[in-house]
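By this note's numbering, the letter at position 379 of the sequence shown is numbered 379, and the numbering carries on one by one without gaps.
For the record, the hints were derived by calculation from the structure and aren't laboratory data.
What you are looking at is a predicted structure, and each value in this text was computed from that prediction instead of being measured.
Mixed in with the good hints, there may be bad ones.
[Said to hold, decoys possible] Pair ranges (Cβ atoms, derived):
#, residue 1, residue 2, range
1, P370, G176, 42 to 48 angstroms
2, N522, K232, 51 to 57 angstroms
3, S504, N445, 35 to 41 angstroms
[Stated by the list, open to error] The calculated lysine to aspartate or glutamate pairs, modelled on DMTMM-like cross-linking and capped at a C-alpha distance of 20 angstroms, are:
#, residue 1, residue 2
4, K410, E532
5, K162, E268
6, K20, E318
7, K189, E276
8, K430, D52
9, K225, E134
10, K371, E562
11, K63, E265
12, K19, E268
13, K177, D165
14, K439, E85
15, K29, D52
16, K232, D170
17, K277, E265
Where a beta carbon is used, it is the ideal one built from N, C-alpha and C, also for glycine.
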Amino acid sequence: MEDNKRFVNPYNFISLPNKKASAYTDKDKHYGVIRYSITTKTPLFIPNSSNDNAFVCKESGHKSYDFFSYTDLSNENNVSGKYQEPVVPGSEMRGLVRNVYETLTDSCMGILNDDYPVKRIGVAFEPGLLHIEEDGSLSLLKADSFRIDDDIYKPKKIDKYKDGDLIYFDTPKPEGKVMGKIHSFDKNKNNFNDHGYVLKWGFFINRRMKNAKNNYHAFKLSGGKVRDGLSKNEIKNKMNSIVTSYLEQPTVKPDDAKAYEGYREQFELFLEGKREKYFPVNYSDKVKGLLSITPATFSKEVSSKSLADYAGVFAPCEDELCPACDLFGKIGDNAKGSRIRFSDMYVEKHDSNKSYYVKDSVTIANLSSPKISNVDFYLERSKNATFWTYDYYVSNNKVYAYTGILRGRKYYWHHHPESVRFNSNVEKTKLNKTIRPVKEGITFNGEMYFDGISRKQLNQLIYILNTGKDGLGYKLGMGKPLGLGSVTCKVNAVEERKIMLKQSKVSYDVASYDYSNITYGNVGFSASVQKEFEKIAGLNSVPKKYDICYPKTTSDYDHGFEWFQNNHGGRSIPDSRKEMKIKLALPKILDNDISLPKTKMERKNRNNSRNNNFHNNGNRKYKNWNN
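Working from the sequences, and respecting the hints, build out all of it.
Below, the structure is given as structure tokens:
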């Protein structure tokens with residue numbers, strides 16, 4: 001395939017070792033300072049967050065930032081043409097060095113949250129009702145879902161109701177092969193013979209269609225328990241992950257966001273015992289041992305565990321500390337203070353502040369949050385698997401429950417400097433930002449102070465801060481996927497402070513520390529990650545013939561997500577988990593070919609797609625789905 005039809009994904013993963021290392025037991029102690037510098041190899045940007053409208057823009061919701069400095073810009077109306085002396089905060093370098101140190105010492109993954117990963121799934125979920133038992137646990141019961149017949153463009157009685165409200169109605173009669181609709185209802189029983197609980201999720205879907213109907217439903221108990229003994233906290237976290245994933249969609253409309261927030265609010269009130277006895281949800285339990293819940297019939301599937309759970313022993317330390325937590329410290333239970341401190345880094349003087357910057361301001365492309373739902377990239381592919389998630393995989397047309405394996409620690413490839421270009425025609429929207437980046441070739445100087453660390457730890461830190469000599473670099477600041485933030489590190493001096501007792505007087509002796517022979521191999525770093533680290537940290541590891549960019553198709557109208565649609569078989573979503581596919585997984589760092597193809601957009605089945613039809617949109621009673 002031609003090189004211009006392939007790309008390299010901006011990030012990849014350094015594999016996790018077989019086990020996590022324990023804190024070192026060395027007893028020797030050393031005190032002093034490492035004086036080092038960083039030099040930008042591509043433009044660098046770290047925001048001054050005191051003003052998010054630093055460059056006045058007319059576009060609503062568009063944010064703009066100056067580079068970080070000691071100047072408070074909160075009272076500035078427009079910094080255009082006004083240049084401050086750039087500063088790299090010590091906290092930025094501390095985060096960078098800790099991340100590298102964790103990797104090279106087989107330590108924990110210090111920054112992992114309790115999010116439950118979610119993934120779009122094509123199969124239909126079934127209607128159910130959650131119920132709070134006397135012991136405080138939750139049970140899930142089967143339900144029938146009836147659509148409330150109310151035209152979206154007419155004044156609606158149902159607008160007065162909230163998700164989970166109890167309403168009374170007459171049992172709808174079947175309409176052909178589907179369940180009947182509710183044509184009349186009230187909060188009082190009156191002469192109605194049936195009742196159920198309101199679900200308003202998805203009201204604004206298809207709002208532009210003529211004669212479109214809303215997606216309000218009433219859920220009625222229909223059978224026995226699906227599950228009992230469910231944890232309130234776990235169910236709350238799962239539902240919150242689902243709703244948050246919808247709210248974080250870049251194109252979410254205000255009315256949709258209001259509907260999502262409204263559902264979550266009422267759901268949480270239900271869990272607190274402040275709503276009716278039952279609350280409507282949709283669920284799937286077709287994979288043995290697993291239960292997924294969601295507000296909608298066609299939706300996303302939430303994983304059974306949090307991201308930290310999938311990390312296993314590499315989740316943030318609790319009791320026994322790893323080398324990184326022992327050195328850098330940790331908060332929470334079994335807290336430990338840090339034994340190193342990073343100063344802010346100051347720029348080497350130029351003729352003027354203006355000379356540090358690429359230009360006055362540039363508008364960059366949208367930088368979205370990490371998509372851990374992209375299991376194609378974030379999870380290891382199970383053997384012979386044709387489809388996989390965090391909780392199960394498909395092989396030979398069978399679904400198997402398992403615990404997904406994380407690809408490892410996320411790192412970004414370095415762009416070649418000449419490939420980092422700023423387009424002056426980028427449209428300003430609420431999804432992107434205008435910034436003032438420091439240009440390539442600028443050097444910042446700073447110090448790292450160490451207090452009571454071992455010689456082994458000192459040598460390890462020196463190596464990390466001196467990798468520029470080996471042609472390795474790191475990523476710092478914002479815009480890493482766009483090529484921003486490549487820097488090299490160089491140690492300029494190491495001074496060790498010793499306390500001396502001379503003639504009954506205490507004195508300090510500062511001596512130079514010899515670091516000339518420090519290498520990766522002699523400081524006690526992990527052998528298992530060395531090759532992967534050196535390749536992805538290499539400034540020239542990616543051949544110049546490839547674009548480094550997020551997945552895209554060859555279409556002139558590519559929107560990114562279309563590549564993943566194609567990778568999952570096109571626009572049409574299968575009705576069964578067994579039929580779902582993932583064609584390509586992210587290459588590994590050490591693969592000979594780390595590129596992926598820019599696939600052609602498949603236009604077939606465009607009108608039959610259910611990709612965006614993830615809200616309640618049917619009247620039937622979902623039973624016996626082949627999942």
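Structure versus earlier hints, numbers of those that do not hold, lowest first = When the structure is compared with the hints, numbers 11, 12, 13, 15, 16 turn out to be violated.
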